[in-house]
Amino acid sequence: EAQVTQNPRYLITVTGKKLTVTCSQNMNHEYMSWYRQDPGLGLRQIYYSMNVEVTDKGDVPEGYKVSRKEKRNFPLILESPSPNQTSLYFCASSPGDRTYQPQHFGDGTRLSIL
Amino acid sequence: DAKTTQPNSMESNEEEPVHLPCNHSTISGTDYIHWYRQLPSQGPEYVIHGLTSNVNNRMASLAIAEDRKSSTLILHRATLRDAAVYYCTSTSGTYKYIFGTGTRLKVLA
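These protein sequence lines are chains A and B, in that order.
In terms of our numbering, the first sequence is residues 1 to 114.
In terms of our numbering, the second sequence is residues 1 to 109.
The shape of chain A in the complex, shown without the other chains (with noise of 0.2 Å):
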């Protein structure tokens, strides 16, 4: 089954412990994105890659750290998080040669820093 898996899906820490959000997915897509998103502010893009390599931010990039070194992972990294980072983030992917194609969004990880 096409999917893009998060883990984990809940998660419950303290601030400056640093964390890794993962994100697979298994549809040989070349982009991948995050967004968190916030009562009232919808969702907001924090980074994506168009292939392995390559990233770029998005609007709210910061505090936030993503690698992309296969094609199939692209993790979130927060080094040193605070309480203005509890959110809940979603993982998506889309084949990514045109802009056109839609994103297929994970289940969502619900991160609360206390």
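Worth flagging that the hints you see were computed from the coordinates, not collected in a lab.
One thing to keep in mind: the hints can contain errors.
[As the list claims (entries may be wrong)] The list that follows gives simulated cross-link-like pairs (lysine-lysine, DSSO-like), each with its CA atoms no further than 27 Å apart:
#: 1; chain 1: B; residue 1: K96; chain 2: A; residue 2: K65
#: 2; chain 1: B; residue 1: K96; chain 2: A; residue 2: K57
#: 3; chain 1: B; residue 1: K106; chain 2: B; residue 2: K69
#: 4; chain 1: B; residue 1: K106; chain 2: B; residue 2: K3
Dock chain B against the given chain A, drawing on the hints supplied.
Here is chain B on its own, set in the frame of chain A:
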């Protein structure tokens, strides 16, 4: 900065058509317009996309204004299963996506 705006919420009666509007105030000529919907506790799912002309698929229709500054997602006969949050989005010149804040659609039985 690119900006996409939507009403916060709308209501519709079951079996009636629903028109969900979106303003793409800073869209450029080559940016596609996409619509997604999000059911509770799920990730967004694709609904429809278009560039300049109106589009139809099995889920919905998309009407795009001539100047492309606005679009309307049309659900021809709303059902209870269509109750969701609907997002419009467009790219900002490249693969950077700007989403609206979403419209929560309530369908009344």
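Hints, verified against the model:
Under the criterion of a C-alpha separation no larger than 27 Å, the hint pairing K96(B) with K65(A) is consistent with the structure, at around 17 Å. Restraint check for K96(B) and K57(A): satisfied, since their Cα atoms lie roughly 8 Å apart, inside the 27 Å limit. Proximity of K106(B) to K69(B) is assessed by CA-CA distance (about 26 Å); at most 27 Å being required, the pair is judged to hold. Under the criterion of a C-alpha separation no larger than 27 Å, the hint pairing K106(B) with K3(B) is consistent with the structure, at around 25 Å.
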